[in-house]
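Peer 1: Given chain A's structure and the hints, the job is docking chains B and C onto it.
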Amino acid sequence: MLKHPIITLLTDFGTKDHYVASMKGVILRINPRCKVVDITHQVEPQDIVGGAFLLANAFSYFPEGTVHLAVVDPEVGRARKSILIVTKNYFFIGPDNGLLEPAAKKDGIERIVVLTDKKYFLPEISATFHGRDIFAPVAGHLSLGIAPPAFGKKAGDCERLDVGQPEIRGNRLTGRVIHIDHFGNLISNIEKEEFIRFIKDRPFLISAGKKMIQSLKRGYYEGNKNVPIALFGSGGYLEISVREGNAQKMLKVKRGDGVQISTKSQIPNPQ
Amino acid sequence: MLKHPIITLLTDFGTKDHYVASMKGVILRINPRCKVVDITHQVEPQDIVGGAFLLANAFSYFPEGTVHLAVVDPEVGRARKSILIVTKNYFFIGPDNGLLEPAAKKDGIERIVVLTDKKYFLPEISATFHGRDIFAPVAGHLSLGIAPPAFGKKAGDCERLDVGQPEIRGNRLTGRVIHIDHFGNLISNIEKEEFIRFIKDRPFLISAGKKMIQSLKRGYYEGNKNVPIALFGSGGYLEISVREGNAQKMLKVKRGDGVQISTKSQIPNPQ
Amino acid sequence: MLKHPIITLLTDFGTKDHYVASMKGVILRINPRCKVVDITHQVEPQDIVGGAFLLANAFSYFPEGTVHLAVVDPEVGRARKSILIVTKNYFFIGPDNGLLEPAAKKDGIERIVVLTDKKYFLPEISATFHGRDIFAPVAGHLSLGIAPPAFGKKAGDCERLDVGQPEIRGNRLTGRVIHIDHFGNLISNIEKEEFIRFIKDRPFLISAGKKMIQSLKRGYYEGNKNVPIALFGSGGYLEISVREGNAQKMLKVKRGDGVQISTKSQIPNPQ
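Protein chains in written order, with the working numbering: chain A, 20 to 290; chain B, 20 to 290; chain C, 20 to 290.
Just chain A, same shape as in the assembly (with noise of 0.2 Å):
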C-alpha cells in the first residue's frame, strides 16, 4: 500500500455537473486515504488530442507512484479497450484512444494492461459513464497496492495519435499551434532542441498568423505591449507571446495553424 497514494483526474467533463465528484467518491469509497488532484476538467470536449497534450506536460511534475487517470472518451461504451499503462514512474488509466500514449511514451512504457476483471468495477456498468464506472474503481484499487496484473491480460500496443511532427523543406521549419492557453499564449510543437539545431547561429524570422518576429526572447517580460514575441515557454516549445496581452485575439490563430520559421543564410548574422 503506497504511504501517500494520488490520484490525479484530467478530462472533458467540465465542473458544472455532478460526473467529477461521482468519480472522486467512488475513489474516496475504495480508498479513503487516497488524494485526488485535478490537472483539468475544461478539455474541450472530446478534444483527444488537446488533453493528451496536458497530461503529457503535467504528469512528471507529480510523485512516483502517482495514478494518472483520464477520460477524454467520444467511443464510450464501444469497442475500444480501457486500458492501464504501466510507466518508469508511474500508472496512467483510461480509454485505449491515444490519449495517455504521449505522456506514457515520454515516461517509459513498461506493461500495457487491458481492464477486464470486472471485479474492480462498478457492480452496474453503464454505457455512457466509464470514468466513475471502470476507471474510478480501478485506479482506487491501483492506489491501494494491487499490482497491475490482476486488473487484465498484458496487451502488446496501444492506440497512438497521429499528432504530426514539425518539418523541415530547405531553409523552413514549419511545426503547428499545439495549444493555447488560459492567457492566449500560442504553444507550438517545436522544441527548443530542435529550433537550435535547425537555426545553426543563423538569423531567422519567424511566422504566425500574419506576424513576423524576429528575435527570441527569454520572458514575457522581455516584450512590449501589444508586440508579439517568441519565447521558450515552461514546457520547452516555442511559444508566442502578447505581454500583458493576449497572443491569440491578436493573431487570430487558432490550434493547428502554422508557425514558421525561415532562415536565410544570405543575411548577415547580426550577433
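These are computed hints drawn from the structure, not numbers from a lab.
Careful, some of the hints might be misleading.
To be verified - Derived PhoX-like pairs: lysine-lysine, alpha-carbon spacing no greater than 25 Å straight-line:
| id | chain 1 | residue 1 | chain 2 | residue 2 |
| --- | --- | --- | --- | --- |
| 1 | B | 137 | C | 273 |
| 2 | C | 273 | A | 244 |
| 3 | A | 100 | A | 124 |
| 4 | C | 107 | C | 172 |
| 5 | A | 107 | A | 124 |
| 6 | A | 35 | C | 35 |
Peer 2: For chains B and C alone, coordinates are given in the frame of chain A:
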C-alpha cells in the same frame, strides 16, 4: 471521530471569489484531518432545483458517513431554517429550502435537526454568508464526531421542492428537461423503469424541441453526427444527446421544456 | 514538521491548462502529506490588485501556520524579487509586487525573506513560470518545517499597492468598487466602521452608477427584485446588490468606479 472524514461542497458561489475558500478554511480550522471535496460551485445563482438535482445524483458515490454541505440560499439571513438531515448513510447540511430533500429522501431520512446551538457557529454571524458562518463550522464539528442532537432541536419535517413528475395522458408520457450538462445533453425527469412500464414493448416516438426520435440507443457512440439520439444516461434518466455535438444548441431547448413519449398501439411493433 | 500542513493557492492561471496541476505536483513531491487548497485561479490575467483583495479576504479563515502561495506575476523572470512574508499566524509566498502585502499587513508582518537559496527551487528555473519553479518548491519545503531564514536574506520592506482609500470632502464620502463578485455584487472599499463614523446617525444617500439608494439593508433578502440595495457584506465592506439579480449588469458599473455617500445634515433624520 471518523477515521477518514470527508465533507463535500455544492454551492452557487462560483470559483472566482474567496467565498468557497473561506468555507474550506473554516472547516480545516475545526478539523484539519478532513478531506473537502467539491461537487460543484457552478449551480446557477439561486437555482435551488438545479442544485438539488446535482446533489441527488452525486451524494451516493461517496463513502458512508460523508457530510454533504450544500448552499444555494436566496433567503439567507431571513426566517428559513438551517438544518442538518441525518440519513441512512450520510449527513446533509444546508438551508431548509428544499435543496437537500431529494438527496436525503433517496437515502432515507432518519432525523432532521434545526441548527440552533451557536457554540458550533462562527462567533460572528453575518446576514449574508451562512455558508461560512453556520454551515461550514457545523460540518467541521460534525466531521469530528459530535452527535447530531448536539446541534439543535429535532424537527418533524423539512421543506420540499415542487419539481413535478412526468405525467401520462392516454398514449402520451410527458416529462421535462431537468438538467442540461456540460456537453449539452438534455437530461429529462423520465426514469428508465417508468419508461419501460409505459412503453410495454410498443413502438414509440420521443419528441424534444422540434425533433422526433424513433429509437433508443445504448451509448453516445451509436449516434450519427448531427442527429439527436435518445438513451438512458449514467443517472438512469432519459437523455437526448448528439454524438460529438451539443443537443442543447441543436434543439434550442432549455431546462423545463417538455420531452414527450408517444406510443401508437396501432403501429405494428417492428421488433 | 506541521502536523496537518496546508498550502493555499491563488493565481491568475485559470484552470484549463496544466499550470496549477504542475505546481500541486511539485508541492506533493516535496511534502506528500500536504493539503493543497485552491483559493481561486480566476484572478483576471495580471490583475495584482484583484488578487490582493481576494487573498486579504480569504487568508484569515485558514488554520494558523497555513502557507498562502499567490502568483499574479506580470514581471515574472525580471528583476522583481521573490519573497516569503512571515506574519503573526501565517506564511505568504509570491512575487514582491504588492500582491501579498495587504493580507500580510492585516495579519501583522514579522519578517520578510527574499527567496534566493536555490537549494529550495527546482533544479532548472524557467523565465516564465516561477510559480512552479520557485514558489511551489519553497512552499513545499516550508510546509515540512524548514525555518524561514533558510530561504534567503531578510528584507527591510516589500512592495505596496497604491489602492487608494475612501475620501471625505465636506458632506461626501467617496469610495470605489474594488471587487465585483460572481453574483454581480459591487463590493466597495468603504468599511463599516468608516461609514458609521462618517454618517453619525444623519440621513444619507448612496449613489453608484446612476442609481440612488436611501437606506441600508441587513441582508439580500430584504431587497425587492430589480431594485438595488446597499448592505455590509460578509467581508465588512459596503456592497451594492440586487436581490436574485445582478447589480453589475443593472448599474453598468465596473471595478474602480465611484461609490458615493452624501449626508444632508439639514434633512430631518427620519429615525
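Peer 1: Now look at each hint and say whether the structure bears it out.
Peer 2: Verification of the hints:
For the proposed pair residue 137 of chain B and residue 273 of chain C, the alpha carbon gap of about 38 Å is over 25 Å, so the pair is violated. Note on residue 273 of chain C and residue 244 of chain A: the hinted pairing holds, with a Cα-Cα distance of about 23 Å set against a maximum of 25 Å. A C-alpha spacing of about 18 Å is found between residue 100 of chain A and residue 124 of chain A, which places the hinted pair at or below 25 Å, so the restraint holds. Only pairs whose Cα atoms come within 25 Å are accepted, and residue 107 of chain C paired with residue 172 of chain C is accepted, the gap being roughly 19 Å.
Note on residue 107 of chain A and residue 124 of chain A: the hinted pairing holds, with a Cα-Cα distance of about 10 Å set against a maximum of 25 Å. Only pairs whose Cα atoms come within 25 Å are accepted, and residue 35 of chain A paired with residue 35 of chain C is accepted, the gap being roughly 14 Å.
Violated hint for the displayed structure: number 1, the only one.
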